[in-house]
Amino acid sequence: MTRSFVRKLALGAVVLGATLAACAKKEEAPPAPAAAPTAKAEPLKAAFVYVGPVGDSGWSFSHDLGRKNALAKFGDKVTTTFVEKVPEGPDAERVIRDLVAQGNKVVFATSFGFMDAMVKVAKDHPDVYFEHATGYKTADNLRVYEARFYEGAYLAGVVAGKMTKTNTLGFVASFPIPEVLRNINAYTLGAQSVNPKVKTRVVWINSWFDPPKETEAAQSLMNQGADVLLQNTDSTAVLQAAERNGKFGFGWDSDMSAFAPKAHLGSVALNWTVYYEKSFGEILEKRWKPEVTKWGVKEGMLDFVKPAAFLPEETKKAVEAAREGLKTGTVAVFKGPVVDNTGKEVLAKDAVADDTWKGAINFYVKGVEGKVPSSM
Amino acid sequence: MSEVALLVAATLAAGTPLAIAGLGLLLNERAGILNLGAEGMLLISAVAGFAAAFHGGSEWLGFAAGAAAGAAVAAVFGWLVVWLNTNQYATGLAVSLFGSGFSAFVGIDYVGRQLGEQRAHAVPILGELPFLGPALFRQHPMVYVAVALVGAASFFLYRTRAGLVLRAVGESPQSAHALGYGVRRIRLAAVVTGGALCGVAGAFLSVVYTPLWVEGMVAGRGWIALALTVFATWRPARILLGAYLFGGVTMLQLHLQAQGVELPSQFMAMLPYVATVVVLVLISRNPLWIRLNMPASLGKPFFPGA
Amino acid sequence: MIRLDVRPVPSLRMSVLSPLIALAVTVAAGGVLFLALGKDPVRVLSMFLVEPFHGVRALTELGLKCTPLILCALGLGLCFRSNVWNIGAEGQFLMGAIAGGGLALWVTTASVALSPWAFFPLVVTAGAAGGAAWAAIVALLRDRFNANEILVSLMLVYVADLFLSWLVFGPWKDPRGFNFPQTVQFAAATEIPRFVRGMRLHWGFAFALVAAVLMWLFMFRTHRGIQLQIGGPAPAAARYAGFSSRSAVWTTLLVSGGLAGVAGAFEVAGPMGQLTPHVASGYGFTAIIVAFVGRLHPLGAVLASVVLSAFVIGGQLAQSRVGLPASVSGVFQGILLLALLGCDTLIHHRLRLVRWTWRTAP
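Chains as they are written, first to last, in this note's numbering: chain A, 20 to 395; chain B, -7 to 298; chain C, 150 to 511.
Hints in this document: simulated from the structure, not taken from any laboratory. There could be a bad hint or two in this list.
[Claimed, not checked] Here are some chain C residues pointing at chain A (derived, C-beta under 10 angstroms):
hint, residue
1, Asp310
2, Phe318
3, Phe327
4, Val345
5, Gly347
6, His372
7, Leu403
8, Gly422
9, Val461
10, Leu466
11, Arg470
12, Pro474
13, Ser476
Every value quoted in this text rests on a predicted model; they were computed, and no experiment measured them. The C-beta atom is built at its ideal place from N, Cα and C for all residues, glycine as well.
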């Protein structure tokens, strides 16, 4: 009985294999139109690797907007493809290698977890440009770019500090990585710049994307007196929860004003377009250099958009002043003295934090309640 | 004091979709069918519910569409496992996979859309009571419907002839068949009804709880609902308890985090899962009790001719 | 209408033909779907059916993708045949990854002088121990407290995932990694040896194939293996054969947990080379489908994991090469699985056309 079953299986395997082989033969005959020599210059082939679905209305969506915009701007000089929902494990390396094998001359990978896959593939393909968002490893043909998100969080904080009645802000956080910790701290510092009494409560949901959990976390913060919420997660759930409870919130990643007409105080909107235009332009003009790009409000990669019409004039002025200050460099988010929430001075008076300092943040500033999970 | 009331209120809301979906799966399982496709059914009904509410402008239309979508997916699943006798575990998982792809595919146009303004709800008079009002009586009507559904399911299973037949089918399909009951039809009916309930839960998530549609938004709640049926030892009232326990521990851990408790958030997030296991162990210690409740034919195919 | 009649003996012909019929159904359904989306159906189908097998690199990548699926599905096949419903292989996979990764991390930070071949048995042992220990919790609670293994094993998946998250965000974080959640890159000595330089396929694949053969021998050629399969569905028969169902619970869970753990350790010490929060990629859940599509047979598991891996890889190829959205690949994979499962009905049933009357339907 068992032996015959095995035989059946083996037979099945052979038949299946033969069918596949037969298919393979048929398909192989005309190899994909191999780069036929044309008189016109070949368009630049660019590929994007996304961690989420392009329809996530958050992170991957914002990168895809940048891709589409670059496509529109450069016309027939570039062609693009993308692969969405690529897991940040061993799959990434295969996907990236395959994109290179397809003749792409530049690969943009838009999540931190793709870093080591990018490093490995970049090493094997010196003639291809690699661009990695939010990472820190670079090579001759691999460079990194990221947005200074915390500037947006700071501007939101300025508004929050003015608008809070309970002097308690809430933050729905994803994972304790430096970027998120910077945002929590910047949100608090922004609020304290206009209202020193402000404190911030933080809830971690251990996910970038879980709308029901985001709602629950927001509810929990509001139940404990937080009346202006910011989130570092991808959906509109937190803002909508604020709307339902008659509290305030912000949009994150993109303009979310339509989701909560009464609660929406403004949105921290990303604009990758500026970077992708720069990058394509540099490759087309053959002046691409490995470098580290960190852009914020000044460069237009990030902005505080759609401030609510009902904001008091004074609040509007305060946030506009801070925004202008960030643009001209007269305002720095992390400027001493900065004291952490155990009372230790982490940045001396009048010192302005550099990127190394900001990269190493693993504490909450004074006013944030609790302890950073990754330091416990 | 008011914080406790709000915690209770949040718990009831968080437990409601789990309770409704769990109840649907319980009906399946009482008839002997294990549906691991819950996650996929919830997703498809979430997008269907959102789309209906978006175009029709009514929450209740959303629930109806969710129920219909859930029932339709369940019917496909039921046809495969009941008529074609495919393996229930694998078929359910395939439905989950299919559902997550399919919902993302059809839902792409609804990403970033918003439903109309959300109304606040309160039961007249009772909603004004101190403490009890904010804790219990200012919920969406579906929260009370869930409780009513659980009562109705209890009544159906233990007090009606049809419920007795359903349990008999789950217990011993051969005997039920010998007595002249159409085992397959009854199983299919249970699967479709259960699917409809899962559909209501999915629509509740996308229309009321987090009024938005994004791919993958159910984020594992189908699995939790499945776990609840086991946890409840297949008794409807305990589904409600389990759902509130899970929702409550989830809210409590978020609440404690916001209080600044000094424990890594990962350990806090483990609490609902650990609590579920611990309570299961406590209630499972009497083996006889479990065996009396677990549908004996759960997960096993039935061949009427054999 | 069409009626299904139970065959007196399972059909040999159908057990071979059913996957092919399923494939034909899937290809037909997929063709219509892709055509409706305005894609060239032949080209899209070739992404799933041909490209993943096309060329040496593609084949090695396919083998790499198969390895964890085979290992997880082997153990699950044994569990399911013995009526032990372990659906938490994902958690056992993660704990194996943590154990194997922890060992590699220790070797790296303590600069232990070791050759990759000496490390290979160590990492297998660590992974197996990690996975088996996690499954042992399920076995213990089932055995001592009668707690349902479906629920316990599933809940432990979430716990394992959060535990890994805590480790890589906290104590095991690379001190020079700018607070990003990952360990240091493991030393070269900890890398699972590869078949060919420049290709990622490692000897874990051979390990998985050997495990499949051994599992086949165990299941069908040893007294204990056969007892286990009797022991599950009919405890009385097993007791008659001198075998307790308690022992079945322990044996199957430890074996399947161990195998899933080895899969996790291979993934970490193989293609990843470090621990990150993204070790879990659903292999433990996919393996449940693999086990059933492979008809709970060890060699079937190997074939089924090849088919599933090809479809996953094909889905990604179809995105970049023909612009097929990931969600459509998901739908297509779902159709394939439902067709494979549905067509297996033909092995035990015969289709018969009958005149439709209300009463004849059972």
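Against the structure, the hints come out as follows:
Because the smallest distance between the Cβ of C:Asp310 and any Cβ of chain A comes to about 9 angstroms, under 10 angstroms, the interface hint for this residue holds. Contact between C:Phe318 and chain A, as hinted, is supported at the beta carbon level, the nearest pair being about 4 angstroms apart and thus within 10 angstroms. The beta carbon of C:Phe327 comes within 5 angstroms of a beta carbon in chain A, closer than 10 angstroms, and the hint placing it at the interface holds. The interface hint given for C:Val345 is broken, as the beta carbon of that residue sits about 14 angstroms from the closest beta carbon of chain A, more than 10 angstroms.
Interface hint at C:Gly347: satisfied, since its Cβ lies 8 angstroms from the closest Cβ of chain A, which is below the 10 angstroms cut-off. Annotation: C:His372 was flagged as interfacial toward chain A, and the flag is violated, the nearest CB pair being 14 angstroms apart, outside 10 angstroms. Interface hint at C:Leu403: violated, since its Cβ lies 24 angstroms from the closest Cβ of chain A, which is beyond the 10 angstroms cut-off. Among the interface hints, the one on C:Gly422 holds; its C-beta lies about 7 angstroms from the nearest C-beta in chain A, closer than the 10 angstroms criterion.
Residue-level restraint check for C:Val461 holds (minimum Cβ-Cβ distance to chain A is 8 angstroms; threshold 10 angstroms). The beta carbon of C:Leu466 comes within 7 angstroms of a beta carbon in chain A, closer than 10 angstroms, and the hint placing it at the interface holds. With its C-beta approaching chain A no nearer than about 7 angstroms, C:Arg470 sits inside the 10 angstroms limit, and its interface hint holds. Nearest Cβ of chain A to the Cβ of C:Pro474: about 7 angstroms, under the 10 angstroms cut. The hint holds.
At about 7 angstroms, the closest approach between the beta carbon of C:Ser476 and any beta carbon in chain A falls short of 10 angstroms, and the interface hint on this residue holds.
Comparing the model with each earlier hint shows violations of hints 4, 6, 7; every other hint is respected.
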